[in-house]
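**Q** Chains as they are written, first to last, in my numbering: chain A, 1 to 308; chain B, 1 to 337.
Hints listed in this document are in silico derivations from the structure and should not be mistaken for laboratory results. All residues carry an ideal CB built from backbone N, CA and C; glycine is no exception. It cannot be assumed that every hint is accurate.
Unchecked claim - Listed next, with one range per pair, are the computed distances between beta-carbon atoms:
| hint | chain 1 | residue 1 | chain 2 | residue 2 | range |
| --- | --- | --- | --- | --- | --- |
| 1 | B | 102 | A | 205 | 28 to 34 Å |
| 2 | B | 215 | A | 57 | 15 to 21 Å |
| 3 | A | 149 | B | 162 | 49 to 55 Å |
| 4 | B | 25 | A | 149 | 31 to 37 Å |
| 5 | A | 251 | B | 134 | 55 to 61 Å |
| 6 | A | 124 | B | 336 | 47 to 53 Å |
| 7 | B | 23 | A | 245 | 49 to 55 Å |
| 8 | B | 335 | A | 301 | 47 to 53 Å |
| 9 | A | 40 | B | 215 | 34 to 40 Å |
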Amino acid sequence: MKRDEALGESILEVKSLQKFFSVRKGILGKSAGIVKAVNGVSLRAERGKKLAIVGESGSGKTTLGKTIIRLYRPTGGEIWVDGHDISQLEGPELKKARMEMQMVFQDPASSLNPRRNVKAIISSPLEVHNVGTRVDRTKRVKELLNIVELSEDYINRSPGALSGGEKQRVAIARALALNPKLILLDEPTSSLDVSVQAKILTLLDRLQKESNLTYVLITHDLSVVRNFADTVCVMYRGRIVESSTTQEIFTDPLHLYTKTLLSALPVIYDEELAILPKPASLPSSNSNNAPDSEHRMIEAKRGHWVEV
Amino acid sequence: MQNGSNDAILEIRNLHIYLNAYEGLAKIVDGVNCTVRKGEVVAIVGESGCGKTLTAKAIMGILPPQIKIEGSIRYKGMDLVALTEKERAKIRGSEIAMIPQDPMISLDPLLTIEDQLTDLICFKDMPQINIFSYYARRSRVEKQKGARDIAAKILEEVELTPPDRVLRSYPFQISGGMAQRVCIAMALQGEPSLLIADEPGTNLDVTTQKHMLDLLIARIRARHLTVIFITHNLAVARRIAQRIFVMYAGNIAEVSDADKTFVDPLHPYTQGLKKAVPTLLGTPMIGIDGRVPAYTNPPHGCRFYPRCPQAMEVCKQKKPELTKTKDGRMVACHLYN
Chain A
1 MKRDEALGES ILEVKSLQKF FSVRKGILGK SAGIVKAVNG VSLRAERGKK
51 LAIVGESGSG KTTLGKTIIR LYRPTGGEIW VDGHDISQLE GPELKKARME
101 MQMVFQDPAS SLNPRRNVKA IISSPLEVHN VGTRVDRTKR VKELLNIVEL
151 SEDYINRSPG ALSGGEKQRV AIARALALNP KLILLDEPTS SLDVSVQAKI
201 LTLLDRLQKE SNLTYVLITH DLSVVRNFAD TVCVMYRGRI VESSTTQEIF
251 TDPLHLYTKT LLSALPVIYD EELAILPKPA SLPSSNSNNA PDSEHRMIEA
301 KRGHWVEV
Chain B
1 MQNGSNDAIL EIRNLHIYLN AYEGLAKIVD GVNCTVRKGE VVAIVGESGC
51 GKTLTAKAIM GILPPQIKIE GSIRYKGMDL VALTEKERAK IRGSEIAMIP
101 QDPMISLDPL LTIEDQLTDL ICFKDMPQIN IFSYYARRSR VEKQKGARDI
151 AAKILEEVEL TPPDRVLRSY PFQISGGMAQ RVCIAMALQG EPSLLIADEP
201 GTNLDVTTQK HMLDLLIARI RARHLTVIFI THNLAVARRI AQRIFVMYAG
251 NIAEVSDADK TFVDPLHPYT QGLKKAVPTL LGTPMIGIDG RVPAYTNPPH
301 GCRFYPRCPQ AMEVCKQKKP ELTKTKDGRM VACHLYN
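Throw the hints in and build the complete structure from the sequences for me.
**A** Following this line, the structure appears as structure tokens:
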């Protein structure tokens, strides 16, 4: 995508990113092949904005997220974070680059070590990157607990003694520990109840405004996207098929897949039904059987890109 | 056979469920009253840990023995709580069936779908039998009943076509949506009159979930099933159910028609839920403060008062009863007494 000068400063720019996995002959008896989990994704996130990546499971959105923060090594493409290409970094340089970006994982119950207490969990990024003395770290942990609206008494508890929402707050505190510029949220509320979900999203919203964070939200829940994100990328079979502002995507979806996703959304109020497009159907989204045809995006409207 | 109110298929009266936990006796379900009419689809919604699944399992009679049940569950006039295990086994599957929460966990990973389905067909109203009589009967009954053909047919009914590949597969070889359909097929196999669906589709994508709900709704209509649909997704409840029971901390907080529940909620908890739900209308989301109380030491009086923005002095003292309002809805809150 071409850079539009009228748009804000970008903190993350991904160019034709690819991540392939090779499949060996396994228990399913499938012949060896390549799964193109992320197949040529380009996107950009503006500083201080919330970008959402939506798609079904298997569309490659989590792989994309993990590749962006370099938990995976990309097969091809570039990842520009704050003016540096991190796609090929190694060792100490990669470690340094990672201080700028953190991730909040899907299920807090499995992303927090049950044998460590809250203090150890939140201070571990500080230890890894050798930030401050022990006393400083403890002070920082208390500060972070305040930021995520947990009381300081939680410092010695273990994750098992926390509720789902509290666990996710601890995970957010851990992600904030190094003052990152970019935070990847991988389905941060999908395992939580609605009442807790609203609380966590409000918290994330507040944190972003306070410290000018940039979020990349990975989710399949479109109602959350509608209320949370500024821009949306719709992912299907390892590719971005449509991207625009949240308002545009919901009022004027162009790609068939976006329409399918929207029409499948269960809603509560009759007024919402009027917004949704008519039902459509599509083949399943296994990224490994995606056609290898030319992938081309056009700008249908100003800032509204769609695959043709 | 019916001696309850004329069209009620299921009547739960004053249901209490206790669990002996390390911290003491947990009073989880605390006096649930509900009536489900024949041919009706009702939804039970509520946060996790509010006793929805426990209530469902109590109706099915599949709670482990260390969990104590008090009160009565009358199904077509019979009190299920008083029945022996042998009598319950006859009802389970052929009268009342359940679609479990997580299909991947509820299907046996060591058996193919075919084995699981044919076992169900051959032995469905038999209580536990030992392994010798199992093998002795299995081959005979299987042939007699043509179990494999029946299995293939019921899979076709849930749109798993062609069924051969699914029949040959182990649960891990099929997708979550397919596993969910296998579970629906298993539940419908005994032609039950009452179906309990425990959060089906929660782990599925929106498109798969919609497909599954459409299928379920079609099956429900075709067979005039009575359904208790348990979910924490309010939008799904709104879509499938005629009446919604809102449950909080082991109590029924509100019962009303599905189209009214979230348009004009009565109970402060339902009002809180309404504000918390993300919608496409872009209304701000506001969560409910606090968390579900500890069941070993629940608050006296109304269990919601510590989180309730409209709590009054009486809420701390007295537990509100589920009472009828003027427009025929039911609510358990002192604000409406």
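**Q** Decide, hint by hint, whether the structure agrees.
**A** Hints, verified against the model:
no.: 1; hint: 102(B) <-> 205(A): 28 to 34 Å; verdict: holds (31 Å)
no.: 2; hint: 215(B) <-> 57(A): 15 to 21 Å; verdict: holds (19 Å)
no.: 3; hint: 149(A) <-> 162(B): 49 to 55 Å; verdict: holds (54 Å)
no.: 4; hint: 25(B) <-> 149(A): 31 to 37 Å; verdict: holds (32 Å)
no.: 5; hint: 251(A) <-> 134(B): 55 to 61 Å; verdict: holds (60 Å)
no.: 6; hint: 124(A) <-> 336(B): 47 to 53 Å; verdict: holds (50 Å)
no.: 7; hint: 23(B) <-> 245(A): 49 to 55 Å; verdict: holds (50 Å)
no.: 8; hint: 335(B) <-> 301(A): 47 to 53 Å; verdict: holds (49 Å)
no.: 9; hint: 40(A) <-> 215(B): 34 to 40 Å; verdict: holds (35 Å)
Violated hints: none; the structure is consistent with every hint.
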